[in-house]
Structure formats: structure tokens, C-alpha cells
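Novice: As a plain string of letters, each chain reads:
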Amino acid sequence: IQMTQSPSSLSASVGDRVTITCRASQDIRDDIGWYQQKPGKAPERLIYVASSLQSGVPSRFSGSGSGTEFTLTISSLQPEDFATYYCLQHNSYPRTFGQGTKVEIK
Amino acid sequence: QVQLQQWGAGLLKPLETLSLTCAVHGGSLSGYYWTWIRQPPGRRLEWIGEISHIGSTNYNPSLKSRVTISLDTSREHFSLELTSMTAADTAVYYCARFSPFVGYNWFDPWGQGTLVTVSS
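Chains P and D supply the protein sequences, listed in that same order. So that you can map any letter, position 72 of the first sequence is 72 in the working numbering, and since no number is skipped, the others follow by simple counting. So that you can map any letter, position 84 of the second sequence is 1084 in the working numbering, and since no number is skipped, the others follow by simple counting.
Since the hints were derived computationally from the structure, they do not count as laboratory data. Keep in mind that the hints are not guaranteed to be accurate.
[Said to hold, decoys possible] Now the in silico label distances, taken between C-beta atoms and shown as ranges:
id : chain 1 : residue 1 : chain 2 : residue 2 : range
1  : P       : Lys38     : D       : Gln1003   : 10 to 20 Å
2  : P       : Pro58     : D       : Thr1057   : 32 to 42 Å
3  : D       : Val1102   : P       : Pro79     : 29 to 39 Å
4  : P       : Glu80     : D       : Thr1057   : 29 to 39 Å
5  : D       : Phe1101   : P       : Arg60     : 18 to 28 Å
None of these values were measured; they are calculated from a predicted model. Virtual Cβ for every residue (Gly too), placed ideally from N, Cα, C.
Throw the hints in and build the complete structure from the sequences for me.
Specialist: If you want it as C-alpha cells, here you go:
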């Protein structure tokens, strides 16, 4: 399953609303997670099964979608949110990632 | 809280075999899938494969002919071997736990990552 993530990068200001999209090449139900990666660190989970917020993750993060189109939204970007975000499908093998979205400071 | 700690050689010559090990601290191997993932410089993350607590494996077809993932339940660690390494295998390699429980599917925790460089 191919995961097409967009945009590949974006520049935004603190307080902006940010939306990242992942499209799956076939129906993956809600078998997708979103991960945040900061430089030199392992990815950390934010959202699981498309829309469930991981415990401890701020409520400004949300996920939505089902089937083939999914979004990660940050409602009000904070300084600590500047990072790279990946979607990851676990519907079928091999598991596959989106190409990542680097969120940079404007 | 479960933590993963990984180790292994970081510099290999072409055609050598990569060996990495990931220790599971603070939790049981049972019920989960133990996974290896890599990230080539400037490229997307790539799932390498997994092993269940009972030893069943799934591998990425792109690497299947060169990959072996094994599990040592007595020592509570799992390992990755990747043969015939080339420069294209240069990457940061991560171990991670996959939770297969319906409604609770995620990759967490992750190991700290090991930078593996293939160079003559």
C-alpha cells in the first residue's frame, strides 16, 4: 500500500492551524497512525487508529479520516511542534510510511 | 513503563552482515510484535519486518532475501540480521514494539536508533 503524504514541507507561524494529509492507495479502514519526529530522535506516536489521541499528547492535535484519506490537524501551532510528521499504515504488509511533512517556522 | 535499548556495530564494509539487538526492559514480550524500522538519510522511514512473541515473522519483500529477525525470550531481546550490506543500506535503524490489539494499534515504544554506515 502506497501512502502519499502532503505537503512535504510547510512554513507556519506560532498559532497557525496546520493540516497534513495522507492518502492510501487502497482502503485501509482506520488502520493508520501519526508520528512526530524531532531531529536525532525516534518517532513518537501522536494519533492511533486514525483519530484516537495518545495519552499525554496535547488536545491541539487531532486526526480524522477513514478508508483512503486521512488528516492530521494541529489547531494552534506551538514552538515545540516544529518537527517532521509521518503517517504509517498497519492494515497490510509491508507496513508503509508517508514521506513525511517537515513543519518549519515561518 | 516499557523501554527498548538497542545496540550493534555502526560501521560496516560492503557485503558484511549487519547485526543489531534490541532489549526489552520493563515489560513482557507476550502479545506484541517486535519490529525493525530504518530511515535512510533524507528519505522516508521503511518498515523492515517483525517477529511475534511466538516466533512468527513478516518481512518487507524488498529485503526478505537478506533479512532475519529472531527472538530470545529467555533474555527478553530480539535481533536483526541483514546480509550483503551495501551503501544503500546506510540508515538509522530503530527497533519498536507494535501493539496488535484491536483499537489500540500503535508502534511504541521505540529504541534510541543506531546509525549504520556502509563504507569501504
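Novice: Kindly indicate which numbered hints from before are broken by the structure, ordering the numbers from low to high.
Specialist: Hint check: nothing fails, all pass.
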